[in-house]
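Engineer: Spelled out from the first residue to the last, the chains are:
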Amino acid sequence: MTNQNLSRRGFLKASGLTAASAVALTLSGLSISTNSWAMSLTKIDTHTGKSLSRLCRVLYPHTSLDEMYYDACVEALDEQTKTDNDLLTLLTLGVKALDSTSNSAFIDLPSESQLAAIKQIEETPFFNKVRGHVVVALYNNEKIWSTFGYQGPSYPFGGYLERGFNDINWLPNH
Amino acid sequence: MTKFNLNDDSVVVIIGSGAGGGTLSNELAQNGIKVVCLEAGKLLDFNKDFVNKEWEMFSKEAWLDKRTTSGEWRVAKDFPNLPAWICKTVGGSTLHWAGASLRFQEHEFKALSQYGHVEGANLLDWPITLKDLEPYYDKAEYKMGVTRTNGIPGLPGNNNYRVMEAGAKELGYKEVHTGRMAINSQPRDGRAACRQLGFCFQGCKMGAKWSTLYTEIPKADSTGNFELRPEAHVLKITHNKAGKVDGVVYIDANGQQQQQKARIVCVAGNSIESPRLLLNSASAMFKNGLANSSGQVGKNYMRHVTGSVYGVFEKPVNMHRGTTMAGIIQDEAKHKPSRGFVGGYEMETLSLGLPFLAAFLNPGSWGKEFTADLDDYENMAGMWIVGEDLPQESNRITLNHNEKDQYGLPVANVHVDDHPNDIAMRNHAYQQGSAVYESIGALRTIKVPPYPSTHNMGTNRMSEKASDGVVNKWGQSHDIDNLFVSDGSQFTTSAAENPTLTIVALAIRQAEYIAAQMQANNI
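Residue numbers (UniProt numbering), protein chains in the order written: chain A, 1 to 174; chain B, 1 to 523.
Keep in mind the hints are simulated off the structure, nothing from the lab.
Please note that the accuracy of each hint is not assured.
Said to hold, decoys possible - Only pairs whose alpha carbons sit at most 27 angstroms apart, straight line, appear in this in silico DSSO-like list of lysine-lysine:
| # | chain 1 | residue 1 | chain 2 | residue 2 |
| --- | --- | --- | --- | --- |
| 1 | B | Lys315 | B | Lys447 |
| 2 | A | Lys129 | B | Lys77 |
| 3 | A | Lys143 | B | Lys60 |
| 4 | B | Lys60 | B | Lys42 |
| 5 | B | Lys368 | B | Lys315 |
| 6 | B | Lys447 | A | Lys129 |
| 7 | A | Lys96 | B | Lys368 |
| 8 | B | Lys336 | B | Lys110 |
| 9 | B | Lys368 | A | Lys143 |
| 10 | A | Lys82 | B | Lys60 |
| 11 | A | Lys119 | B | Lys368 |
| 12 | A | Lys129 | B | Lys60 |
| 13 | A | Lys82 | B | Lys66 |
| 14 | B | Lys66 | A | Lys129 |
| 15 | A | Lys119 | A | Lys129 |
| 16 | A | Lys129 | B | Lys110 |
| 17 | B | Lys334 | B | Lys110 |
| 18 | B | Lys60 | B | Lys236 |
| 19 | B | Lys48 | A | Lys143 |
| 20 | A | Lys143 | B | Lys315 |
| 21 | B | Lys53 | A | Lys129 |
| 22 | B | Lys404 | A | Lys129 |
| 23 | A | Lys143 | B | Lys77 |
| 24 | B | Lys42 | B | Lys219 |
| 25 | B | Lys77 | A | Lys119 |
| 26 | A | Lys119 | B | Lys447 |
Generate the whole structure from the sequences, applying the supplied hints.
Structural biologist: Set out below in structure tokens:
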């Protein structure tokens, strides 16, 4: 597992891709099954990382999206903690606070209880930081765009003038 | 490539290179007048540096220096340090504007006499009329290559427009078309025709949309009378003992403080930075800031009554394909007080990519209901409301002495509370916008709150009397005759139309005046 991750990350480094777009490999045919994917974190501990990834999903749930896209959001946070110790503390303590909202750890709670736990911390700086981060990091991941029907950059393809800019065909006639 | 000496006190210094400053620079330079243009932002190459990615371009082009906010407006809660979404680049906000180029209507120059006194509003008539500005609108439209003027054909309607048009016709709206746009529908002025890329807000990578970055600035440069200094951040305008401005102090691209002497100074930093600069230039002689004997500098901040409506349909729309502002409904732009408010509003198509839509659809929102909307991205059509908002003295730019910028100067605080008229208009527009989409079978509509302001106006307003405003009908300050304001902050009222065309028309007109006054040795 570790070796696999190392070599994958080595490849990513060599190809200049960011952690958030690691998922590119899956879509480009270099298949990584969900099981063999593991978040690669340097500063954030595993429990905190997994809890954050779950938090990201409960905040912005899309059944069409695999865990790896939420994990990628956490990896990007981990990257920031390398130069921001306060952030690391905020995230670690934030997950602790989430864990202490009931008798079970947040990650082990049934989904309805996870929602209830989040609502208890909704006004905290921890929540605002994570939410503000995910809403940008998740939807800015170009590998999820096609799932939503968003086509991304058009300049490399000559725009939409000959690629359906006015192809709508279901409007009432006038 | 011309260079002027820092001690050359014969130059006109223009602060800002956007619609106002960029246009004024070129107009003066063409007239043989020596111009030094100081631009706080970087010089980007539209073909090399622009990318079709929303957040990446945002970080390249947006003004991100710290600002603070206060007031009841929702932006203060969701984006407390980003009251406005405007650019810090050579070309200013002409990089990310959508291109809509509409003339103000006759009655909008006479808001006070046409609407009457409105409680809580600081309405005033402009000191100029539509008739005064018409010849300059003609010149601006020609310069910018506005579609549906000068024989230039309109742009073709994209999917997002076709949805709005179908709904508008169903409702009986008559003034519906693909807009008057400063986007080439055919090659013109050495620039390409639009290929419906989308990404108008990210800077037009084809150069099909007019921007001073690749029109006015290089044209000014070719006269030999013009020097552009990018990454030159002006801290203060200085004056002599006689109370005339005589230069500016700025930080150059290497972080060094410099002083440029000047015969005339023109401020065109948009409606937040322009008043901030005048206020930060306070001196023993002008204790409340330059040009501020009226106390109106920074007041009457306007941002238009805005908001968006998205319609979600059963089948795909693909609103992201093609120009961002692809068409307009103008029927509601008239002054019809029977609707319960004064002034009017335009409805203009608008599309955001998935990354921006997630951030702006309902800022701060999360959970299943929110993501269900995003799951329908492909089936959405969108429009933006642009309506006249009322000037209020309490909506204003002030110096926040508790927060300093990278140069140690107080940052701007932007305070906004909606006037009841603004709220009534926005609600009417939400209702009509929703009806447009519902009339052709929208499953649901989403009413989106205003984004950080892209239209910023009114904080150094034009007035007949010196006691009512900051500048006269030429944009010349009432107090100091060689100090001008050359951007949208000189607007007396906001009107219902996108501001850029009017900023350009005023700059062309101001250039003529400055040239004549210099010729006559009055300034």
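Engineer: All the hints need checking, so say for each whether the structure fits it.
Structural biologist: Comparing the hints with the structure gives:
no., hint, verdict
1, B:Lys315 / B:Lys447, "holds (20 angstroms)"
2, A:Lys129 / B:Lys77, "holds (14 angstroms)"
3, A:Lys143 / B:Lys60, "holds (22 angstroms)"
4, B:Lys60 / B:Lys42, "holds (9 angstroms)"
5, B:Lys368 / B:Lys315, "holds (21 angstroms)"
6, B:Lys447 / A:Lys129, "holds (25 angstroms)"
7, A:Lys96 / B:Lys368, "holds (24 angstroms)"
8, B:Lys336 / B:Lys110, "holds (15 angstroms)"
9, B:Lys368 / A:Lys143, "holds (21 angstroms)"
10, A:Lys82 / B:Lys60, "holds (24 angstroms)"
11, A:Lys119 / B:Lys368, "holds (14 angstroms)"
12, A:Lys129 / B:Lys60, "holds (23 angstroms)"
13, A:Lys82 / B:Lys66, "holds (24 angstroms)"
14, B:Lys66 / A:Lys129, "holds (18 angstroms)"
15, A:Lys119 / A:Lys129, "holds (15 angstroms)"
16, A:Lys129 / B:Lys110, "violated (47 angstroms)"
17, B:Lys334 / B:Lys110, "holds (13 angstroms)"
18, B:Lys60 / B:Lys236, "holds (25 angstroms)"
19, B:Lys48 / A:Lys143, "holds (24 angstroms)"
20, A:Lys143 / B:Lys315, "holds (23 angstroms)"
21, B:Lys53 / A:Lys129, "holds (23 angstroms)"
22, B:Lys404 / A:Lys129, "holds (23 angstroms)"
23, A:Lys143 / B:Lys77, "violated (31 angstroms)"
24, B:Lys42 / B:Lys219, "holds (18 angstroms)"
25, B:Lys77 / A:Lys119, "holds (19 angstroms)"
26, A:Lys119 / B:Lys447, "holds (24 angstroms)"
Checked against the numbered hints above, the structure breaks hints 16, 23 and satisfies the rest.
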